[in-house]
Each structure stands twice: as C-alpha cells, then as structure tokens.
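Chains as they are written, first to last, in the working numbering: chain A, 1 to 218; chain B, 1 to 163.
Since the hints were derived computationally from the structure, they do not count as laboratory data. Please note that the accuracy of each hint is not assured.
Claimed, not checked - What follows is a list of derived Cβ distance ranges for each label pair:
(1) B:R130 <-> A:P117: 30 to 40 angstroms
(2) A:D107 <-> B:E27: 24 to 34 angstroms
(3) B:A32 <-> A:I105: 16 to 26 angstroms
(4) B:E27 <-> A:E17: 50 to 60 angstroms
(5) B:S101 <-> A:N3: 19 to 29 angstroms
To be verified - Below, computed lysine to aspartate or glutamate pairings styled on EDC-like, alpha-carbon distance capped at 16 angstroms:
(6) A:K135 <-> A:E109
(7) A:K135 <-> B:E61
(8) B:K129 <-> A:E6
Note that the structure is predicted; figures quoted are calculated from it, not measured. Positions of the beta carbon are idealized from the N, C-alpha and C atoms, including for glycine.
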Amino acid sequence: MSNPYEILGVPENASIEQVRQAYKDLTRKFSKEKYEGNPLSEMAQRRMKEIDDAYDEIIAGRSIYEATGRQSAGAYGADHFSQNEFGYSKSEFTYIRDTLNSGRINDAETLLDGIPPNARTAEWFFLKGFVQHRKGWMEEAYKNYEMAVRMEPNNREYAAALNNVYSSRSGGYKTARTHKHDADCLGCNCCDPCDICTGLICADCCCECFGGDLISCC
Amino acid sequence: MYRKARKNAPGFDKIVSDSVARQRALETQSDAVCVDAAAEPSAFALSKIFSHNLSDTEQIELMSRLGYMLGRWVYLIDAADDLHEDCENDNFNAFAPEINSPDLCSSLERILETTVGEISLAFELLPVKRYRNIISNIIYDGLNQAQNKVLSKYGGVSNEQPL
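Next up, chain A with everything else stripped away, as it sits in the complex (with noise of 0.2 angstroms):
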C-alpha cells in the first residue's frame, strides 16, 4: 500500500485533527454526492476507498487517547444500475443494462437505437440519456432523462439521473476550489502534467484558430 500520509496529502508528524482536517477535505472533495450519476463515480469510489483505509491505517497507528472512532465510510454503494440502491426489477433492458455494465458503451447505442420508436418507453429514454451522459452530450441526456420522468414520475432511479445530469455545475466547478493545493507540489507518479499543460496549449490553439483566446498570456 502507498504511503497513507502521502494519499492524505498530511507530512507523518501531523496530528491527528490535521490527518482530521485532511480526511474531511478529501471526502467532500470525492463525496457521494459529486460524482452521483457522473460516468466517473466508480473511479472516485475507488479514490474514497483508498483514502478511507489511509485514513484508518494512520488512526489505528496513533495511541488509543488520540485516536477517535469514525463510522465506516461504506457509503458509496454499488454502481449505477445496482439493484441494492434502486431496485430495478429485471425488464425487456436487462441486455443491455448488462451491456452499459461491462462498459460497452456504442454497443448499448447501438441496441437502443435499434428499437422503434413506439417500443420506447420510460426506461428506454432513461438508458438512452445514460448513454448520452457517458459520451458527454450533456444536454442530449438532459432531454432524455426528463423524457423518462414525464412518463414514470415516481421511478427514482430516473429522478435521480435527471437531477444529477447538471450537478457538476455547483457541485464540482464550485466547491472544488476550496481545496488547499501543497505548496510543494513534488514528484508526479503517473500521468505528466506536461500533457495537460500542452492539451490546454492546443484547445488555446484550436481556440485561435475559431478566432477566440482561451489562455491570453500566450
């Protein structure tokens, strides 16, 4: 396992409300809530998962005066079309339900374009605007999500969607900036920020293109 302080972003002589303080940065940083219906939500639960056992390895670590109990996180739950959160029942969907699951998702497309108009029902629209949301037509899911509520007002699964489609816009542009970057800012152990830095360099490029100016010191 990595080292815990390094995953909690605290140095190892911290105290204990600073690995508090960290943790609870970090939870609303990759909340539940955030990430709800969000095509990236089960790589944010596996972020949360890693950063809950940091949290628990330090703690467990400390003496037992410092140390305070904490609910277990488990609060995630399973992924989008778990039958434990929403309790779908099986139906005419369930291929493709499966199909959206192993992440096939131009397959699933594929399927449900294939059915005609008048056999679209609620669900259909439903998983259409899944699709969507996955692809990043945000606006298109909106439109098929709200379909899917008109005609099943009380399917939670479908009020939800609809609800989280446009949650992103406060929930994580937002709140996001709270979060206090290290100064040091050392070591980078996966992907080079220099891709990050040369794609923003391009979509100013691509911006300038069009006649715009994304970034306007260059």
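Dock chain B against chain A, hints included.
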C-alpha cells in the same frame, strides 16, 4: 516545423485533420444539429490528444474525459462568442436556433458551466502534483473569466464567483 512536430507527436496531425473534416461536414449538411453533436468533433479530437500514448487505463479514462470536455467547452464558448455575427452572415452556429429565445443567456451559462463542472470532476481525480496550481488557475479562473466576458454580451454574468 511541421516535420519536427510530426516526429515528436506522431498521429496528432491525423487526429486534428480528421476532426476538422468532420466538423466541416457537420456544419455544411442540411439536417438540424444539436449542440452536443456540433461540439463532438472538436471534443473528440482533444480527448484523443490528451490521452495519446498513455497506457494506464484509469489515466486514459480521466484524460480522455478531461480532454473531451475541454474540447467541447472551447467549441461552445467560441460559438457563443460568434453567435450574432454568424447569424448575420448566415454561417452555421450551434446556438442559432436559440438566438431569439428570452432564455438564451441562462441557457448558454448552464451549458458552459456544466461543461466546466465536468472538467473539474475529471481534473480533481487526476493525481497531478507538479504545476497543479497553474492548471487549477487555468481551469477555475481562466475559463471562468473567458465565460464571463462572452456572457456579458448577452446581459448576464454569473453571480456565483468561483471560490
């Protein structure tokens, strides 16, 4: 310079040229095009550029998503910026069907902010440490400033300031 760029980043020229061709084809065909479809070629190209040469599946997914949403945002902010001019010159614009709508400004704001929100969600999951502050500033401040400048043309700037 092109030869050097092609050597250092093989495949990038094809990604961009394919995207430009798809974009042109989409904007000249006669069927109505939704906003998501209009942004797709540019978004797809940047998703490929961002995830180019990565091998870790999680990184590929995150960088593809980040690149896709950033490409989508670039296309849409440009469309929002040029909306009136494009309509006057009868040029394609993804937002043209809404130009006379009283909800135009709020619609533009919603679409752009949701896209930036998605950029943020992907970026926060990336374990980037070096230069994180610089990239954060671009995403959380730079994009917001560009958005506010464009939206001010339509009488609206979001009252919610990024923290």
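Consistency of the hints with the structure:
The beta-carbon spacing between R130 (chain B) and P117 (chain A), approximately 52 angstroms, falls outside the hinted interval of 30 to 40 angstroms. A hinted range of 24 to 34 angstroms holds for the C-beta pair D107 (chain A) and E27 (chain B), which are about 29 angstroms apart. Our hint of 16 to 26 angstroms for A32 (chain B) and I105 (chain A) holds, since their Cβ atoms are close to 24 angstroms apart. Here the CB-CB span from E27 (chain B) to E17 (chain A) is close to 57 angstroms, well matched to the stated 50 to 60 angstroms.
One distance hint, 19 to 29 angstroms for the beta-carbon pair S101 (chain B) and N3 (chain A), is violated here, with the actual separation near 54 angstroms. Distance restraint check for K135 (chain A) and E109 (chain A): the Cα-Cα separation of roughly 10 angstroms lies within the 16 angstroms cut-off, and the hinted pair is therefore satisfied. Our distance criterion of 16 angstroms between C-alpha atoms is met by K135 (chain A) and E61 (chain B), whose separation comes to about 12 angstroms. The hinted pair formed by K129 (chain B) and E6 (chain A) meets the criterion: a straight-line CA distance of about 11 angstroms does not exceed 16 angstroms.
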